[in-house]
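**Q** Generate the whole structure from the sequences, applying the supplied hints.
Line order of the protein sequences matches chains V and L.
Residue numbering for the first sequence follows our numbering, starting at 1 and increasing by one per position.
Residue numbering for the second sequence follows our numbering, starting at 1001 and increasing by one per position.
Note that these hints are calculated values from the structure, not bench results.
Ideal placement from N, C-alpha and C gives every residue a C-beta, glycine not left out.
Computed cross-link-like contacts, DSS-like style, restricted to lysine-lysine with a CA-CA straight-line distance of at most 27 Å:
#1 1073/L x 1057/L
#2 1096/L x 318/V
#3 1039/L x 1057/L
#4 1034/L x 229/V
#5 1057/L x 345/V
#6 1096/L x 1039/L
#7 295/V x 1096/L
#8 288/V x 88/V
#9 320/V x 1039/L
#10 295/V x 1039/L
#11 137/V x 279/V
#12 1073/L x 1039/L
#13 1073/L x 339/V
#14 198/V x 1057/L
#15 62/V x 320/V
#16 320/V x 1096/L
#17 1057/L x 229/V
#18 1057/L x 204/V
#19 339/V x 1057/L
#20 179/V x 137/V
#21 1096/L x 62/V
#22 46/V x 1039/L
#23 229/V x 204/V
#24 229/V x 88/V
#25 1039/L x 318/V
#26 246/V x 1057/L
#27 318/V x 46/V
#28 46/V x 320/V
#29 1034/L x 204/V
#30 1096/L x 46/V
#31 246/V x 179/V
#32 1073/L x 46/V
#33 1057/L x 31/V
#34 246/V x 1034/L
#35 295/V x 1034/L
To be clear about the criterion: a stretch of chain L counts as covered by chain V if any three or more of its residues have a C-beta under 8 Å from a C-beta of chain V, and this derived list gives those stretches:
#36 1023-1033
#37 1048-1058
#38 1091-1098
These are the residues of each chain, in order.
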Amino acid sequence: MAIMRINVGPIHPSTHGVLRLVVDVDGDTIKNVETHIGFLHRGVEKLCETRMYMQNPSYFEKLDYISPMSWDEIYVASVEEAMGIEVKEAAQYARVILLELQRIANHLLWIGTLCNDIGQMFTVFMWCFRERAEVLKLLEDVTGGRMFYVNMRLGGLNRQLPPDFRDRTHALIDYIEGKVAEYEDVLDSNGIFMERLKGVGVLKRRDAIDYGVAGPVLRASGIEEDVRKSAPYYVYDRLDFSVPTKALGDCYARYRIRYEEIFQSIRIIRQALDMMPEKGDVVGAPIKLIGPAAKPDVVIVRRELPKGEGIIYMVPDKQKPYRLSIRAPGFVNLAVLPKLLEGAKFADIFAVFGSLDIIFGETDR
Amino acid sequence: MKANGFDYLKKITAVDYIQYLEVIYIIYNLSARKEEIVKVRLDAQDPGIDTVIHVFKAADWYERELSEMFGIKIIGRDAPRLLLEEWNGIDPPLRKSFAWGKDYRKTGGS
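**A** What follows is the structure, given as structure tokens:
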């Protein structure tokens, strides 16, 4: 049969962002996939070179508009390291709690959109949004922003935590724990959901290493790698949590990893809330354009973002970055898509693509 | 490197130090959880570097990004498609010679 070339995108209802795929199919079987990215390229790395350090955080939030606080934090942490600023202890706990809340919000949205992508229309999506809205409400009360927070300051946060923060967060994670447990009953016994995910888009362990995939995609292929464990930052080494891994490496494994990570995040938040100093000061330095001059030649900061490992490689100048390079988990995870789709059916494209959790802000930068 | 267990390529990036270019490889050993950074200095006038794609498949997009953003020739790969913005202008965007705010439409950029 003749090979037919089909164009998918650049705008497609289930590409979360703008992606163009050129797919060669033989009947219904995919022979080759060519990925075209760059539609959301804004030149963030170049832009950073022209601005002072603390003018940049809001650009970083737009890299990943599903979990902006994680990128906000990794950037501010790299500036802190360049200037040699210590983060206050209470602020370290507060950052861990907020980052894990952000991880929960990210994974909830991801489960919802995955269900949409594979034809489980809107029921689970709406449930996930219901829970995510509660997280966003808390983050809004803490930071003042609903979607974009710009909450990190050098050495701490923007402002004090609300007085009832501890009780509210406890209540919130209890609520989420109960609700998310219901998803398993609905999804894992759903024939269509399982059929669309099990055995689809298998990424073998060796390929996962070779293609350098990040985060949950790497862990779903049987590799236990998590920056929070391998190079702990803040107070993660004092907290007791586990890193879920799966051996199979198919879409279902990637779903399970993220599902289980929600419960691990809840575990982390619960411990961190109990260990956080009772009356600690979390407020960092107010934004000043001229700060202490950066000293080191190179700053490398690694963080476990919700979508995988993020790295900032920065060559600091005195008051602004000389060069700033971003390793985005979405970039490396998208590069493996043609490999995953080899020999798959056309209808699997969006199940596989959805399972990678890609956001185009950070992929294109 | 790979024989010693450094099997996971995290990132390839470059820095333009004006007199020379520096290409940085961040390589990771997954079992020992160790990270190594390899830096290669290149001539700023006519930079070129051998491809590592036969060692790490992850290098594919990073090398394409390097050749597009820094104008570094990747030796051993047959002219890969440009990755991010199909920029064919005279100055590669992340080199320091690329002037911020200059109107490149008049000078023959795409």
